[in-house]
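The opening position of the sequence shown corresponds to residue 1 in our numbering, with each subsequent residue numbered one higher.
Check the hints yourself; a few may be wrong.
[What the hints assert, rightly or not] Within a straight-line C-alpha distance of at most 30 Å, the following computed DSSO-like cross-link-like pairs (lysine-lysine) qualify:
id: 1; residue 1: 16; residue 2: 38
id: 2; residue 1: 84; residue 2: 5
id: 3; residue 1: 69; residue 2: 38
id: 4; residue 1: 69; residue 2: 84
id: 5; residue 1: 16; residue 2: 69
id: 6; residue 1: 5; residue 2: 69
id: 7; residue 1: 38; residue 2: 84
[Said to hold, decoys possible] Label pairs and their calculated CB-CB ranges:
id: 8; residue 1: 84; residue 2: 33; range: 16 to 24 Å
id: 9; residue 1: 93; residue 2: 9; range: 15 to 23 Å
id: 10; residue 1: 88; residue 2: 63; range: 14 to 22 Å
id: 11; residue 1: 62; residue 2: 21; range: 27 to 35 Å
id: 12; residue 1: 62; residue 2: 8; range: 17 to 25 Å
id: 13; residue 1: 47; residue 2: 9; range: 33 to 41 Å
id: 14; residue 1: 16; residue 2: 88; range: 29 to 37 Å
id: 15; residue 1: 63; residue 2: 11; range: 12 to 20 Å
id: 16; residue 1: 8; residue 2: 46; range: 26 to 34 Å
Derived from the structure by calculation, the hints contain no laboratory data.
Bear in mind the structure is a predicted one, so any value in this text is a computation, not a measurement.
Using N, Cα and C, we set each Cβ at its ideal position, and we do this for glycine too.
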Amino acid sequence: MILEKPYGVSDTVTLKTSAGEELVGRFVSEDAQGITLKKVMAVIAHQQGVGLGQFAFTLNPDSEVTFNKHSLLLVCRTDNEMAKQYISSTTGLQL
Numbered sequence: 001m002i003l004e005k006p007y008g009v010s011d012t013v014t015l016k017t018s019a020g021e022e023l024v025g026r027f028v029s030e031d032a033q034g035i036t037l038k039k040v041m042a043v044i045a046h047q048q049g050v051g052l053g054q055f056a057f058t059l060n061p062d063s064e065v066t067f068n069k070h071s072l073l074l075v076c077r078t079d080n081e082m083a084k085q086y087i088s089s090t091t092g093l094q095l
């Protein structure tokens, strides 16, 4: 059996909501009711493939957002390539 190390503080994680949204953000904390991420971005499809876009247009991009666990289908580490794209989008660093 292969066990993956659980995600931790500042790891890039992906959420899939029951509404079908896929979100990527920096893990902050988790409790019985919710999971908190910062710098949340939405995964969007476009002509060149999959990319990242603004999650909420009126929200400060650096805000911490808590998601109710009852509205989530999954929480997991983000794929390495998408995590690199996320880091580039949120920090300006090219990896």
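Hints, verified against the model:
1. 16 <-> 38: Roughly 16 Å separates the two Cα atoms, so the pair holds.
2. 84 <-> 5: Roughly 19 Å between the alpha carbons, so the hint for residue 84 and residue 5 holds.
3. 69 <-> 38: holds (16 Å)
4. 69 <-> 84: holds (26 Å)
5. 16 <-> 69: holds (11 Å)
6. 5 <-> 69: Distance ~20 Å between residue 5 and residue 69 Cα, so the pair holds.
7. 38 <-> 84: With Cα atoms ~16 Å apart, residue 38 and residue 84 stay inside 30 Å; holds.
8. 84 <-> 33: 16 to 24 Å: violated (31 Å)
9. 93 <-> 9: 15 to 23 Å: Taking Cβ atoms as reference, residue 93 and residue 9 lie about 19 Å apart, which means the hint holds.
10. 88 <-> 63: 14 to 22 Å: holds (20 Å)
11. 62 <-> 21: 27 to 35 Å: Violated - the Cβ-Cβ distance for residue 62 and residue 21, about 20 Å, lies outside 27 to 35 Å.
12. 62 <-> 8: 17 to 25 Å: holds (20 Å)
13. 47 <-> 9: 33 to 41 Å: holds (36 Å)
14. 16 <-> 88: 29 to 37 Å: Distance hint for residue 16, residue 88 is violated at roughly 22 Å.
15. 63 <-> 11: 12 to 20 Å: holds (18 Å)
16. 8 <-> 46: 26 to 34 Å: holds (31 Å)
This entry does not satisfy hints 8, 11, 14, going by the numbered hints stated previously.
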